[in-house]
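Based on these hints, arrange chains F and X on the given structure of chain Y.
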Amino acid sequence: MIDRGVRDTNRALHWRGNGRVKLLEGGRTSKGMSRRAKTVSAVGATLLAVSLSCATQPGDWLGRRVPQTQHGAAAMDYQAREYDKLIPPADAAQVPCRIDPHIWDAFVPADNKMTVERVALGKKLFFDKRLSKDGTVSCATCHDVTRAFTDQRPTSEGIGDKLGRRNAPTTMNAVLLQTMFLDGRSPTLDHQATLPIINPIEMGFPDGESAARAIAGDVEYQQMFKKAYGREVNYEDIGRAIGAFERTMVFLDSPFRRYLEGDPKAISADAKEGWRLFNEKARCVSCHHMSLSNPLGTDNRFHNIGVSARHQDFEELARRGLKALQEDPSERRLEELALNTDMSELGRFMATKNRSDIGAFRTSMLLNVGITPPYMHDGTVTTLWDVMDHYNKGGEANLFLDGGMEPLALTEKEIDQVVAFLFTLTDLRFAEENQRQMRLQRAQALKSRPLRDDQTANRKKLAFEDRIRK
Amino acid sequence: MKPRHKSVETRYMEERQAFFDDLKKLDRRSFLKVSAAALGITAANGLVAPTSFQPVKLAYGATPEGGEKSFRFAYISDSHLYEKDVNDRFARSLMRAVDDVNRLEPQPDFVFYGGDLAQLGQAAELELGAQILKNLKVPLKIMVGEHDWYLDMGEKWQALFGKPTESWDHKGVHFVKLLSVIEEDFWTARGMKPMERMQTVAGLDNGVQKPFTVGPDQRAWLKKDLEKLADDAPVVVFSHSPLYKIYKNWNFWTDDADEVQAILKRFKNVTVIHGHTHQMLTNRIGNIHFHGLLATAWPWPYAPEGMPELTVQMTRPDPFNPQDGCGDGEVCVYSDGMVDKIHNFWNRNPVTVTRAYMSSRGRQSGPAKPNRPAY
Amino acid sequence: MRKNTRSVLLAALCAACAAVLWATYNYSVAADCDAGIQSVAEVAAGKVGGKGLADAHMDQWKRRNPVRSKDWVAEEKERHKIQPPADNSYLLKGEQGKGHSYGQYTELDILTWSRETEKMVVEGSRIFHSATELGSTVAVSCDMCHPDAANTHPETYPKFQAQMGRVALLRDMINWCIEHPVRGKRFEADDPKMRALEAYIFAQRKGTPLNYGKH
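From first to last, the protein sequence lines stand for chains Y, F and X. End of the first sequence sits at 469 in numbering that gives the first Met the number 0; the numbers just go up one at a time, nothing left out. End of the second sequence sits at 374 in numbering that gives the first Met the number 0; the numbers just go up one at a time, nothing left out. End of the third sequence sits at 214 in numbering that gives the first Met the number 0; the numbers just go up one at a time, nothing left out.
Extracted from the complex, chain Y is given alone in its bound form:
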């Protein structure tokens, strides 16, 4: 009986805060259940909560069993098999569906053309925990195939269980972005792939050579590198191969795209209204460019929308950051400051030192946004409803706020409609996860909306009023 009640609950891929497991009940609402079934579910839920509080055991997922490994990731070989189901290896080196072959050329670097060997090598590396100093972290730890190619956590966990400061963006469709990292400090996938390997709190190798040495002994790798690049195992090619593999992660087939391409029934009426609001009253489209020619939902630019201003004094931080960089302007110091200190919150400024970039992060890609919570560069915005509340009140006032952030005076209905639209941006291959997220997020949103501020949203109270009051 317990089994039945529990089996009816959907695959419970969790959404955790900072290592502690927070169970968000998916599955049927209590309305549809008999009292008996309710008791059963309650018991099941308790058991689940208890069992998940010691969450690193494999096999304790419900419904579909997802074997686990360290840092809350699904087991690497499981992930690799799931990936093959999504993108069959035979298709790997082809131009992805829905992308014009001519345009695709622009996304593939000249020194790293897509071949089956390179993709296979990249895939092996992507899921290989030996690329971390203590052998527990691979790319797929934070870019987990079973968790929308991210980790669905506010910030990511690296070696030694150290938590970083930034939310892991999804690698889905990352190939189509113009810069990598939330502050855009990396120009290509190939370059980006090499950096977490040498980040002390992510994968932890002191330098590229040590990382290459860690896997150079593997005969299989030696052969694969030779076949792919005609060279010995080396750090730069590790990046290239992983980049090649990531170029296969193209997931553009959303219900919304089908609607744009001409199927009027592909999305609901609410979602259509949400799309209209997206383009008009809610002012989203101006930064989240979305059209047939640009499906990503980002302008690839950097804006300060005030998320980190909620947590600290920006002006003081900026002053300190500038001072530190003047004392030691090396690239390494920049990386350190950017990632491991409060200065990380200064965003793009750490990369460009343009004052206009203080606190600015790249406009997030909206494709598949429904399945990649929590949101914003630090993962502090939990649901899409919270995201809407943040924008509805015009972000958070700070000296560097992008002036395009204005209170929107959206009604609850309008917010629901925009959220409905956002959930139509998920690739159909992840429809089940999308449904699950909708339920989880809606339940969470019904419980609490911490960012909601009707006074400011309706322009009764003005954003800077409190800051200047003597």
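Just to be clear, a hint being listed does not mean it is correct.
[Stated by the list, open to error] Which residues of chain F face chain X? A few of them, derived with a C-beta cut under 8 Å, are:
| # | residue |
| --- | --- |
| 1 | V85 |
| 2 | R88 |
| 3 | E182 |
| 4 | F185 |
| 5 | G202 |
| 6 | L203 |
| 7 | N205 |
| 8 | G206 |
| 9 | W249 |
| 10 | I284 |
| 11 | W297 |
| 12 | P300 |
| 13 | F319 |
Calculated from the structure, these hints are not laboratory results. Treat the numbers as computed from the prediction; the structure is a model and nothing was measured. Using N, Cα and C, we set each Cβ at its ideal position, and we do this for glycine too.
Same frame as chain Y, but now just chains F and X:
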């Protein structure tokens, strides 16, 4: 790693690497010089790509070149307030400017307000402005704009803020504040009511109004006020209208500018700081240096004719961001009367128009010219 | 006996209700409909003549369309510099029109075209400079950022409008500005006000070469 198409990021990375390489070659002293020079060059003007790696000290607390004794004051201008429940945007922008100024470190000596606090000169608007400006930490000096004046001919403004014309000395520099938006009476003959008169003046392109003047009375007052000063005394003149002639259709104009300039001609260095134009504007006529103030409310386009050569135009603001092309700023005043004018643009890098740029008539340390037409 | 009393009382009540309803129906006039005329009966009874009806309707229209002075065109032109339409008087010269029925232009034609075109442009200027006409909820009019329609660049449309994320025509951008900076309600594409605004904006850029797609 050579991608076929150099993305913006690749270019940026190359620039960045080159910059680091150059930096390593500099000793500490040269490094500071590079930073200071870059401060003047750093453009909000579009030649520098948005990701370009330029070292920028925060404009706050910028140490001036030359090292002569100097002080700083901040400015805010042209807020065009409506009552909060009529238009929240303008009020919010003025509050943002006050926040900016309050967080300067060190604090400036005083804040100067360049005029047009209200949009239609209404009591509630002026009071709202006064209320917001009360939150400034340092003393406020405030000037009249035409939007403040023509509803009740300055009654409420003077009740709130005092004299429209006055002079004062501060740390050896002589400051003058003029009421330079005096228009010849066009309203009596037409039987206009006060609000009609105000609406007429409020329209920048409204041809019924008359050109701005300083007027014979104030010119006489100015002459007398400056009488006792030596020729090399540092003088700063605040005026809402530009005190020179740009474009008559928009009253970017002072009709008796020539007469006013004649009074100022004898001084070695005179700086005129004006509002009204809502844009970055720079000019030099003889030894008179003219600087325009940014607005907090909205930016004006550049006039189709009459643009001074020294002006490097700001790139066209994006209408999605109503605060683009707007901001506040600071003026760094030297003991000889020359100034560095810092335009603190919102969502852009600050631009400093340095004394060196002005004294060399644009040959030195100028901002790079934009690669696109402004308007 | 009781039954009879009850039914009589009931009937009386119904009659009273009916009377009340009848009375209120006749006097409950939707203020703007029926142009203030009290009842159809009045008109039928000849109490209100044709002129009365016409006056009543005119009052209603005036309430909805605030007074415009007789010289509104001249007044608007005095306030704002407006480019005149092209001079077509060349059509009156020479012999080209002869023998071509449709080519027989007269002075009155030239005058009418010019006047009507100008009126539309002047109307556009009037709306352009009026926050109320634009329906702004924040008392902002177009000329506050675009004096004399500066910086409107109608000659660059159609173009990819970054703020909208798609290709736009001039009227799309006008609507975008009305929705965002002006914070009013968008106009329909063929709303007379939209057409007048477009007319004014095009007029002010007279002589500028077309250059569609230019940012």
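Hint check:
1. This hint holds: V85/F has a C-beta 5 Å from the nearest C-beta of chain X, less than the 8 Å allowed.
2. Nearest Cβ of chain X to the Cβ of R88/F: about 6 Å, under the 8 Å cut. The hint holds.
3. Interface hint at E182/F: violated, since its Cβ lies 15 Å from the closest Cβ of chain X, which is beyond the 8 Å cut-off.
4. Because the closest C-beta pair between F185/F and chain X is about 11 Å apart, greater than 8 Å, the hint is violated.
5. For the restraint placing G202/F at the interface with chain X, the shortest Cβ-Cβ distance is roughly 6 Å, inside the 8 Å limit, so the hint holds.
6. Look at L203/F: its Cβ gets to within about 4 Å of chain X, closer than 8 Å, so that hint holds up.
7. Because the beta carbon of N205/F sits about 5 Å from the nearest beta carbon in chain X, less than 8 Å, this interface hint is met.
8. For G206/F, the interface hint holds, the least distance from its beta-carbon to any beta-carbon of chain X being 6 Å, beneath 8 Å.
9. With a cut of 8 Å, the hint placing W249/F at the interface with chain X holds, because the nearest CB-to-CB distance is about 6 Å.
10. Annotation: interface hint on I284/F violated; nearest CB of chain X at approximately 25 Å, more than 8 Å.
11. The interface hint given for W297/F holds, since its Cβ lies 6 Å from the closest Cβ of chain X, which is under the 8 Å cut-off.
12. The beta carbon of P300/F comes within 4 Å of a beta carbon in chain X, closer than 8 Å, and the hint placing it at the interface holds.
13. At its closest, the beta carbon of F319/F sits 5 Å from a beta carbon of chain X; the interface hint therefore holds under the 8 Å criterion.
Hint compliance for this structure: hints 3, 4 and 10 are not met, and every other hint is.
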